[in-house]
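Student: Chain residues, written in single-letter form:
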Amino acid sequence: MTLAKLNDTNRFLIFAAIILLMPIWMIPLGGAYPDLLQKFAIYGIFAIGFNILFGLTGYLSFGHAAFLGVGSYAAVWSFKLFTMNAIPAIIFGVLFAGLLAFIIGFLSLRRTGIYFSILTLAFAQMSYNLAYSVLTPITNGETGLQLSQQDPRIIDSMFVEAGAGLPSTNLFGLKMSGFEGFYFCAVMLILCYYISMRIFRSPFGLMLRGIKSNQNRMMYTGLNTRPYMLTAFVISGMYAGLAGSLLAVTDPLAGAERMQWTASGEVVLMTILGGVGTLAGPMLGAGLIKYFENIFSAFNNQTLTEIFSFLPDAAVEVVVPIVGLFVGSGWHLTLGLLFVVIVIFLPGGIVEGMSRLAGLFRRKDQENMNGTASPQDQPGE
Amino acid sequence: MTKDIKFDFSRRGLLKAGAGAGLVAATPSIFMKNAWAEEFRNNPGNASEIKLGFNVPQTGPYSEEGKDELRAFKLAVKHLNGEGDGGMLNTFKPSALKGNGVLGKKVTYATGDTQTKSDAARASAKRLIEKEQVLMISGGSSSGVAVAVQSLCQEEGVVFMAGLTHSNDTTGKDKRRYGFRHFFNAYMSGRALGPVLEKEYGKERRAYHLTADYTWGWTQEESIKNTTEELGWDTVATVRTPVGAGDFSQYITPVLNSGADVLILNHYGKDMINSLSQAVQFGLREKQANGKNFEIVVPLFSRLMAQGAGDAIKGILGTTNWNWSLQDEGSQAFVKSFGAEYGAPPSMAAHTCYVQTLLYANACEMAGTFYPPEVIKSLEGFEFDGMGNGPTLYRAEDHQCFKDVLVVRGNENPTSQFDLLKVVEQTPRAQVEYDWKIFGGELGPYKV
Numbered sequence: 000m001t002l003a004k005l006n007d008t009n010r011f012l013i014f015a016a017i018i019l020l021m022p023i024w025m026i027p028l029g030g031a032y033p034d035l036l037q038k039f040a041i042y043g044i045f046a047i048g049f050n051i052l053f054g055l056t057g058y059l060s061f062g063h064a065a066f067l068g069v070g071s072y073a074a075v076w077s078f079k080l081f082t083m084n085a086i087p088a089i090i091f092g093v094l095f096a097g098l099l100a101f102i103i104g105f106l107s108l109r110r111t112g113i114y115f116s117i118l119t120l121a122f123a124q125m126s127y128n129l130a131y132s133v134l135t136p137i138t139n140g141e142t143g144l145q146l147s148q149q150d151p152r153i154i155d156s157m158f159v160e161a162g163a164g165l166p167s168t169n170l171f172g173l174k175m176s177g178f179e180g181f182y183f184c185a186v187m188l189i190l191c192y193y194i195s196m197r198i199f200r201s202p203f204g205l206m207l208r209g210i211k212s213n214q215n216r217m218m219y220t221g222l223n224t225r226p227y228m229l230t231a232f233v234i235s236g237m238y239a240g241l242a243g244s245l246l247a248v249t250d251p252l253a254g255a256e257r258m259q260w261t262a263s264g265e266v267v268l269m270t271i272l273g274g275v276g277t278l279a280g281p282m283l284g285a286g287l288i289k290y291f292e293n294i295f296s297a298f299n300n301q302t303l304t305e306i307f308s309f310l311p312d313a314a315v316e317v318v319v320p321i322v323g324l325f326v327g328s329g330w331h332l333t334l335g336l337l338f339v340v341i342v343i344f345l346p347g348g349i350v351e352g353m354s355r356l357a358g359l360f361r362r363k364d365q366e367n368m369n370g371t372a373s374p375q376d377q378p379g380e
Numbered sequence: 000m001t002k003d004i005k006f007d008f009s010r011r012g013l014l015k016a017g018a019g020a021g022l023v024a025a026t027p028s029i030f031m032k033n034a035w036a037e038e039f040r041n042n043p044g045n046a047s048e049i050k051l052g053f054n055v056p057q058t059g060p061y062s063e064e065g066k067d068e069l070r071a072f073k074l075a076v077k078h079l080n081g082e083g084d085g086g087m088l089n090t091f092k093p094s095a096l097k098g099n100g101v102l103g104k105k106v107t108y109a110t111g112d113t114q115t116k117s118d119a120a121r122a123s124a125k126r127l128i129e130k131e132q133v134l135m136i137s138g139g140s141s142s143g144v145a146v147a148v149q150s151l152c153q154e155e156g157v158v159f160m161a162g163l164t165h166s167n168d169t170t171g172k173d174k175r176r177y178g179f180r181h182f183f184n185a186y187m188s189g190r191a192l193g194p195v196l197e198k199e200y201g202k203e204r205r206a207y208h209l210t211a212d213y214t215w216g217w218t219q220e221e222s223i224k225n226t227t228e229e230l231g232w233d234t235v236a237t238v239r240t241p242v243g244a245g246d247f248s249q250y251i252t253p254v255l256n257s258g259a260d261v262l263i264l265n266h267y268g269k270d271m272i273n274s275l276s277q278a279v280q281f282g283l284r285e286k287q288a289n290g291k292n293f294e295i296v297v298p299l300f301s302r303l304m305a306q307g308a309g310d311a312i313k314g315i316l317g318t319t320n321w322n323w324s325l326q327d328e329g330s331q332a333f334v335k336s337f338g339a340e341y342g343a344p345p346s347m348a349a350h351t352c353y354v355q356t357l358l359y360a361n362a363c364e365m366a367g368t369f370y371p372p373e374v375i376k377s378l379e380g381f382e383f384d385g386m387g388n389g390p391t392l393y394r395a396e397d398h399q400c401f402k403d404v405l406v407v408r409g410n411e412n413p414t415s416q417f418d419l420l421k422v423v424e425q426t427p428r429a430q431v432e433y434d435w436k437i438f439g440g441e442l443g444p445y446k447v
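Residue numbers (numbering that gives the first Met the number 0), protein chains in the order written: chain V, 0 to 380; chain Y, 0 to 447.
Simulated from the structure, these hints should not be mistaken for lab results.
One thing to keep in mind: the hints can contain errors.
[What the hints assert, rightly or not] Stretch by stretch, here's where chain Y covers chain V in the computed footprint (C-beta under 8 Å, at least three residues):
id, region
1, 132 to 145
2, 217 to 227
3, 240 to 254
4, 331 to 339
[As the list claims (entries may be wrong)] Not everything, but these chain Y residues come out facing chain V in the computed CB check (under 8 Å):
id, residue
5, Q57
6, D112
7, A122
8, K130
9, E228
10, D434
11, I437
In this text the structure is predicted, and so the values were computed from the model without any measurement.
Positions of the beta carbon are idealized from the N, C-alpha and C atoms, including for glycine.
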């Protein structure tokens with residue numbers, strides 16, 4: 000396919016353009032409002048980071064939400080204690096998530112396969128329960144950690160007098176909500192994409208792929224795989240921490256729900272839906288799920304009746320209740336069906352679907368050229 | 000394959016890329032131009048319609064209340080637009096509402112699902128504000144959610160008319176200029192419940208608290224504990240339980256041998272249904288402790304919960320904001336039109352949401368504008384009547400409503416499936432009033 004022929008620089012430029020122009024091309028899709036765009040970018044980062052671990056090494060972590068949550072808490076504490084500037088918040092978020100990833104990774108990576116997944120899941124649930132009840136002085140439990148008027152904000156209070164209302168997060172004066180917040184997240188996403196691309200192409204990435212295809216053989220050659228695995232795990236955790244801190248930057252509140260196992264499962268879904276081990280796939284999956292969650296879940300029978308108003312009245316009465324099951328609070332059902340279909344028919348995710356489509360067109364051009372390669376062999380991205 | 004597409008950086012390509020980059024860089028300003036043109040968030044301008052946002056739990060432990068709230072909102076919108084029988088519009092006074100929408104504009108609405116989680120509630124409120132461009136957000140059935148959404152609304156400059164939220168913090172330490180609460184709070188529950196508890200159970204009791212582990216549970220536990228300790232009761236233990244736990248047996252077993260003779264359940268929604276049913280199953284109510292009958296108290300009660308708990312609720316004391324059996328004109332009118340529309344009487348959550356919507360609409364009419372600072376000023380210190388609970392005041396200092404509080408008991412002999420709560424006492428407003436300074440907190444600015 001044509002996309003596969005692009006070199007990395009061009010692919011990167013196209014990616015950057017698509018992301019930055021999102022507020023324009025999302026308008027017809029009804030998604031061009033800052034909150035959703037921010038979510039696209041943030042969960043894109045989360046999924047790209049997850050893919051560095053899962054896509055390259057094949058280690059399936061079921062506890063990545065813990066890092067997301069820690070990133071958020073660290074960022075909100077940075078807002079509370081030091082300054083409302085986004086940069087220190089992000090640095091703290093990434094650092095603390097990296098630290099936690101090091102600890103969890105060090106312990107979990109003693110096992111492989113399903114045991115590794117269960118260990119990470121257990122650690123994440125532990126973190127969730129800690130945040131939810133035991134550590135309430137730090138996390139404020141169910142209510143969620145929020146800013147308050149009484150926060151010290153040491154650095155800010157040295158320079159400016161506190162205003163009457165709560166201060167908002169900023170980047171050297173630029174407010175971090177709305178479209179400015181989205182552009183900040185988008186720049187971070189592009190940066191993350193670039194780093195992830197470099198990792199995929201580096202000898203380190205190759206080593207990780209080697210571990211994925213046959214760890215035993217790697218060890219026979221006298222290579223200790225653990226440090227490589229741990230590094231990948233920590234990098235991936237730091238990505239999640241960055242995503243978590245960005246969530247706090249765009250909306251300074253951190254709730255324990257962010258660490259729940261459903262959130263960990265979501266990122267697995269995103270990655271598989273988009274295409275495991277591909278560069279852009281996880282990003283696509285994240286976008287799709289967040290789009291479903293925000294747009295589909297808001298549909299109600301009223302909107303459906305408007306959509307199907309072209310049908311005769313009798314047909315509308317039949318169609319709307321049936322379709323209504325799949326939208327609104329039933330959006331999970333649609334997502335589930337989509338997921339099943341994709342896993343059965345397109346194990347390589349959306350990216351595989353796109354390359355197959357491109358393959359179809361190409362075959363029309365050159366009937367008797369090479370036979371189609373099996374999906375696994377295709378360079379997905 | 001020969002038709003390789005290659006990007007080489009010719010001068011033309013570079014120019015194109017430059018133009019593209021320029022467009023990208025300009026996008027924020029294109030969008031911001033819009034933002035500067037309006038003098039406040041989501042100004043309807045000359046549009047013929049306004050939109051209100053109803054953010055209620057449609058899933059999660061408080062979803063029953065959420066669904067009933069949504070019914071009430073839809074009814075309120077109908078009545079505001081002059082459809083239906085008008086409900087409380089006919090009894091509400093002083094009212095500036097004309098039944099032709101608000102300020103001549105038709106009222107429409109958009110809904111969101113809070114999932115009873117602060118994170119999800121804020122995301123859904125953001126969608127309502129940014130995408131649906133609502134003028135006001137209302138609803139919610141959890142104080143954690145109310146506090147989170149209220150502070151978001153303050154930042155965004157959108158009025159928040161809280162739904163069911165009972166924590167002292169909502170209009171206490173977390174109060175906001177843009178947030179208003181019609182519902183009563185835990186402190187008032189304590190004030191109203193105290194004398195009744197003393198009369199029924201005496202002055203020497205040992206209480207054991209099970210408390211939902213978030214802002215509402217904490218403040219209710221504190222308020223009830225203060226009240227009962229003033230009566231001379233001992234507090235044996237206070238145990239925090241996670242929200243949505245489902246199974247409370249591990250928390251109830253220790254109660255049996257704790258030496259307590261009263262169990263106070265600071266739970267709400269499905270949590271309360273589960274914990275109460277399990278407490279009754281464990282035989283707590285047949286038990287004797289310290290030579291007295293073991294008693295259970297549920298400080299915050301609602302008819303929907305009573306319906307869920309079935310027989311377990313019979314004879315149990317609690318407080319409620321409003322009950323459909325009230326005989327005043329306003330309540331009757333509301334019950335009548337709600338019943339005609341949905342075939343069941345409204346819950347207290349529905350009542351408070353309906354009233355809040357009307358109060359917001361009325362404040363806009365009084366202010367003659369949708370400009371939030373003016374709307375807020377006309378709500379502050381507003382006194383009204385005819386909405387159930389007698390004469391009511393929206394206190395300006397903390398945006399808390401003051402009205403009579405109902406002490407109720409689970410009905411032993413219900414005459415219908417809805418006749419589940421019996422009003423024991425209607426505690427007058429004067430008895431539940433307090434100095435707003437005791438909870439601290441600051442409202443913040445009018446203009447954001």
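Student: Now look at each hint and say whether the structure bears it out.
Tutor: Hints, one by one, checked against the model:
no. : hint       : result
1   : 132 to 145 : holds (count 7)
2   : 217 to 227 : violated (count 0)
3   : 240 to 254 : holds (count 3)
4   : 331 to 339 : violated (count 0)
5   : Q57        : 5 Å, holds
6   : D112       : 6 Å, holds
7   : A122       : 7 Å, holds
8   : K130       : 4 Å, holds
9   : E228       : 23 Å, violated
10  : D434       : 20 Å, violated
11  : I437       : 17 Å, violated
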